[in-house]
Amino acid sequence: MSPSAIRWLIGGILLVLWEVLPRAGLVPQLFLPALSQTIAVAIADWRIFAEALAVTLSEAAVALVFACGGGILAGALLGSVARLRGLLLPVVSSLYAVPLVVLYPVFTAWFGIGAQSKIAFASLYGFFPTLLGTAAGIQTIDAQLLVTARSMGATLSQRLRHVVLPAAIPTVIASLRLGGALVIVGVVVSEMLTSSAGIGYLITSYRTVLDSPRVYVGILLVLLLGVLLDLGMRLLEHAATRHRPSAVPRRAAPAI
Amino acid sequence: MSRASMLAARLLLLALALGLWEALPRLGWVDDEILPPFSAVFVTALQLLQRPAIHGDLVTTGLQLGAALIISVPTGVLLGILLAENKRLAQVCEPLLYFLFSVPKSIFLPLFILTLGISFWQKVAFGCFSTILIVLMSATAAVRSVREEHVLTARSYGATRAQITRHVYLPSMLPVLLEALRLAVIFSTTAVVLAEMYASRSGIGQQIASWGESFMMRQLFAGVLIVSVTAIVINEFIRWIENRCSHWRS
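So the sequences go chain by chain: A and B.
Mapping of the first sequence onto numbering that gives the first Met the number 0: position 135 corresponds to residue 134, and the numbering continues sequentially without gaps.
Mapping of the second sequence onto numbering that gives the first Met the number 0: position 147 corresponds to residue 146, and the numbering continues sequentially without gaps.
So here's chain A without its partners, still in its complex pose (with noise of 0.2 Å):
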């Protein structure tokens, strides 16, 4: 049999699985309800979880924007400027060791538990991957393409627009992708915390009342977002990759 025949093997029966032990009583119903059951809750109660979903969705989206916008500016100031590299990346990945979600509360007591203490949280949970990302994407600019510009007589705008955009392009998107998933994780987490509104909330409320078919319900559409999120984001990468002949070479980026 092929190894990927297998992987579907296993995933069936992982599937029949969830059916089958809970069925049995195998498993208690609290630990893992049924499948069938928890597609059955998720269609009749679509509503609540679409709603919850949407308010999940409009955070992370500003959250987005923050997170990439500053980190990839920040990425990218620290990836083409080799001195400013040299001094803060070591700082950078130092403060990455700190697990960033005791700051929370922090945001909660300055914000209050709406919609501002997650996009807060959620928008410095995605900044420093997304700045770490794109700083190392930055350094993988051929340096030979820039020269060769230069030496055909390009201007400074010309050498922007014709070498440099394009090739941090991969490079921005990529951030994008890593963004996008982090963001989508803190908006869930911080309502998971304390929150009044969004899938989080709705995970944790129905954990505390032990409804484990609904909480099942509320990670599988987490889940499901951010697969979706990262597949749409590959198929943007596609797009924008595609036009060009000779992508730049991907190298594996410096240890950080």
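It should be emphasised that the hints constitute simulated quantities derived from the structure, not laboratory data.
Predicted model only: the values in this text are computed from it and were never measured.
Note that CB positions come from ideal geometry on N, CA and C, so glycine has one too.
Do not rely on the hints blindly, as some may be mistaken.
[Stated by the list, open to error] The following label-pair restraints were derived from C-beta to C-beta distances:
#1 Phe30/A <-> His166/B: 40 to 50 Å
#2 Ser35/A <-> Glu235/B: 46 to 56 Å
#3 Lys86/B <-> Gly11/A: 18 to 28 Å
Could you slot chain B onto chain A? The hints should help.
Chain B in isolation, oriented as in the chain A frame:
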């Protein structure tokens, strides 16, 4: 710039940041109920560190973190080596693992409460769950980073299996494994602290969450300071060992 002047510049930046933190509330530009000055937070942190109750919280968090690492790191390394040694298994499992690796782990936290309740082992289990994949994938990469030629050379000189493991595999895998350990510490700290903040009876994460809820800003910032400094110090310590081990490698 030389190393020393780099370090000096970084210290200067740190001093500037702390100075700004001190000045904003002192000059009245920010309400000190919103942002207490650094000196006040620092003093509060020192006071907190003398309280037995806080010791209890830090010990709880430390034990949960330690247990999660003791379970997840060796298991992850063993599974990773198994995967790297077994081609067929790797072909089947790797795409699945990559997918699982990209899935956010924090959102599964409520399931750990549904199955294990709010307990010590629930935090440990969630810590392991958040950590094991990164260790597994690093261990696989570590095995693959061992150069085939080195193994062949050692074997052709008549090295035994134990000698090859000791003198070829271990030295070239060690830096990668230390990096894995460092990431494991970062991931499991986040996981344990998040689990404590989410639902818990003790632990520093739980304290921070409750200080936040009752607007005790000095204690809240002091807690954030304690956790951040500890996390950075541990991370830098492992990185220091990492650098010493990979010194001769290239």
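To see whether the hints hold, each was checked on the structure:
For the hinted restraint 40 to 50 Å between Phe30/A and His166/B, the CB-CB distance of approximately 48 Å keeps it satisfied. For the pair Ser35/A and Glu235/B, the beta carbons lie near 51 Å from each other, so the given range of 46 to 56 Å is met. Look at Lys86/B against Gly11/A: about 24 Å separates their beta carbons, and that is inside 18 to 28 Å.
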